[in-house]
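Let the sequences and hints guide you as you build the complete structure.
Number of protein chains: 2
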Amino acid sequence: MVEYDTVAIVGVGLIGGSIGLALRERKLAQKIIGIGRRQQSLDVAREVGAIDHGVTNLANGVSQAQLVIVTTPVDTIAERVVQASAACPAGALITDAGSTKAAIVAAVDAGLASRRSGPRFVGSHPLAGDHRTGPEHARGDLFDGRVVVVTPTEHTRPAAITEVSGFWQALGANVRTMKPAEHDAALAITSHLPHIAAVALAAATPTELLPLTAGGWRDTTRVAAADPELWQAIFTANREHVLEAIDLLDQSLASLRESLEQGDNETLRSILETAAKRKRERDALGD
Amino acid sequence: MVEYDTVAIVGVGLIGGSIGLALRERKLAQKIIGIGRRQQSLDVAREVGAIDHGVTNLANGVSQAQLVIVTTPVDTIAERVVQASAACPAGALITDAGSTKAAIVAAVDAGLASRRSGPRFVGSHPLAGDHRTGPEHARGDLFDGRVVVVTPTEHTRPAAITEVSGFWQALGANVRTMKPAEHDAALAITSHLPHIAAVALAAATPTELLPLTAGGWRDTTRVAAADPELWQAIFTANREHVLEAIDLLDQSLASLRESLEQGDNETLRSILETAAKRKRERDALGD
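Which chain is which? The protein sequence lines are A and B, in order. Counting in the working numbering, the first sequence runs without a single skipped number right up to 417 at its last residue. Counting in the working numbering, the second sequence runs without a single skipped number right up to 417 at its last residue.
By construction, these hints were calculated from the structure, which means they are not laboratory data. Note that the structure is a prediction, hence the values are computed from the model and not measured. One thing to keep in mind: the hints can contain errors.
Just so you know, same-sequence chains aren't split out, so a pair can sit in one copy or run between any two.
Below, computed lysine to any residue pairings styled on SDA-like, alpha-carbon distance capped at 25 Å [unchecked claim]:
id, residue 1, residue 2
1, K407, R348
2, K161, S400
3, K309, D377
4, K161, E177
Structural data, given as C-alpha cells:
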C-alpha cells in the first residue's frame with residue numbers, strides 16, 4: 131500500500147476534495163495540504179475533512195509534498211503543474227485530474243523541457259464526477275470501482291507510471307493506460323458528446339414546455355446543469371475530437387430522422403435495437 | 131373522492147399495474163379486473179396486488195366496469211377502446227394512457243361515430259413511467275405529484291372531462307387539459323425528443339469504447355434501454371411532430387458545433403448557459 135507523508139491538492143473542488151477524503155479515509159497520507167485561490171473553499175474543504183491545511187500560495191503549499199495532484203479546470207492545469215514543479219521537492223510525483231489530456235501533457239512537456247531532472251509528471255483522468263461542484267459535495271468513495279485513465283508519453287519513466295497507477299488504485303480505482311491523443315479521441319465520444327447532446331436538448335426546449343417534461347427529459351439533460359465555464363474549457367481543449375464526435379451524433383440522428391420520415395420501420399427498429407443493446411453491454415461491465 | 135365498484139385495466143404492464151396498485155392503496159375500487167393477452171403477466175399483476183382478477187377476454191373483462199383504462203402500446207389503443215366500448219356498460223367511462231393522442235383520439239372518434247349514446251371516451255397521458263416494463267415494476271405512487279394530460283375534443287361532454295380528471299387526481303396527479311394535436315406537438319419536444327437524443331447517442335457509441343463511459347453517458351442514454359417496439363410505435367404515431375422536434379435539436383447541435391469550430395466563445399458560452407438555465411427552471415417547478 132502506498133503511503134505519503136505529505137500530499138498537496140491544487141484545487142479543492144469536488145474532485146480535489148474527494149481525493150483528500152479518500153486519502154484520509156484510507157489512511158494513505160500523514161498530511162494533506164489544499165491549495166486554492168479562495169479561502170472560503172479551503173475552509174469548506176477543511177470542515178468536511180478533505181484537507182488538513184489550506185493555503186492560497188501554491189509554492190508554499192507544495193514545498194514538502196511527495197505527491198501533487200492538480201485538479202483545477204483544464205485550461206489552468208498545465209500552468210499549475212509547471213508552477214508546482216518549480217516549488218516541490220525534486221523527487222516528487224505530479225499528476226492531474228483533467229478531462230482532456232493531449233494539450234495539457236504537451237504544454238507541461240514544453241514547460242519542463244529545460245530540466246533534465248526534478249519532479250516527474252504523468253497525466254491522469256478519473257472517470258468520476260458529478261454535475262455538482264465544490265468541496266461540500268466531495269465523497270471519499272468517488273473513485274471506488276471507477277476507471278482512471280493514466281496517459282504517459284514516450285518521455286515518461288516506467289517507475290512514474292507505476293507510482294501514479296498505485297496512487298489511484300489505492301483510492302479504489304481501476305487504472306487504464308492510454309496515449310494522450312487516444313484518450314482525447316475516446317473521451318470526446320464517451321464523455322464530451324453526452325454533454326453536447328444534453329446541452330443541445332436542454333437549450334432547444336422552450337421554457338413554456340418545461341412543465342410537460344418528465345423523467346426522460348430530466349435524465350437525458352442531467353449533465354447540462356454542470357458549470358458552463360468548466361465545459362467550455364473542456365470542449366475548447368479537445369476541439370477537433372469533439373467536432374468529429376458531433377459529426378458521429380449527427381449521422382446517427384440523420385439515420386433516425388430519415389428512417390422515420392421514409393416509414394422505413396426496419397432501419398428505425400434496427401437503430402432502436404442497437405441503442406438498447408449498447409445499454410445492456412454497458413450494464414454488463416458493472417459500475 | 132371518486133369510488134368505483136369495478137374498474138377494468140386493459141394491459142397490465144408498468145402503467146396498468148401501477149394504476150391498479152394506486153387504486154387499491156387508495157381504496158378507490160371494490161374490484162379491479164386486469165385484461166391481457168398473456169396469462170403470465172396477469173398472474174404477476176395479481177401477485178403484486180395490482181388486480182383482483184385477470185382475464186384474457188376483453189369483452190368479458192370490461193362487462194361490469196364503470197371505468198376502463200386502456201394502457202396497451204399506442205398502436206393498439208384505439209382498437210381496444212372501440213372493442214371495450216362495445217362490451218362495457220353504457221354509462222361507463224373509457225380512457226387510455228398513450229404517449230400520443232391525436233391519432234388515437236381520431237381513430238376512436240371514427241370507430242364510435244355510428245353511436246349516439248353509450249360509453250364515453252376521453253384520452254389521457256400520464257407523464258410518468260420508467261424504462262423498465264412489466265407489472266413487476268409497478269408502483270402505487272407512480273402518478274403521485276406527476277402531470278397527466280387529458281385531451282378532450284369538441285365532442286367530449288364536460289361531465290366526462292370532470293370525471294376522468296377526478297380519476298387521475300384521485301391517484302395523486304395534477305391534471306392539465308390540452309387539445310390532442312397541441313399535446314402531440316409539445317410532447318414531441320419534451321418526451322419523444324429526449325428519447326431520440328438518447329438513442330442516437332447510444333447507437334453512435336462503439337462497443338469497444340463502452341468501458342470509458344461514466345455517469346454522463348449513463349444518464350444521457352438512460353431511456354435508450356426502453357422497449358424498441360413501444361418507442362417505434364410512438365415515433366410513428368407522432369411522426370410529423372417528431373420530425374420537427376429533431377430539426378429543433380439539429381439546429382441546437384449545429385449552433386454548438388459552429389461556435390466551437392469558429393472559436394466563438396461568446397456563443398458557445400451562451401448556449402451552455404441557456405441549457406443550465408433550463409435545468410434550473412425545470413428544477414424550480416418541482417417533481
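So, going through the hints one by one against the coordinates:
1. Proximity of K407 and R348 under a CA criterion of 25 Å is satisfied in both settings, with 22 Å inside one chain copy and 13 Å between copies.
2. For the identical chains of this complex, K161 and S400 are neighbours neither inside a copy (55 Å) nor across copies (42 Å), given an alpha-carbon limit of 25 Å.
3. In this homomeric assembly, K309 and D377 come within 25 Å of each other (Cα to Cα) only inside a single copy, at 23 Å, whereas the closest approach across copies is 37 Å.
4. In the homo-oligomer, the alpha carbons of K161 and E177 lie at most 25 Å apart inside one protomer (15 Å), although the nearest pairing across protomers, at 57 Å, exceeds that limit.
The structure shown violates just one earlier hint, number 2.
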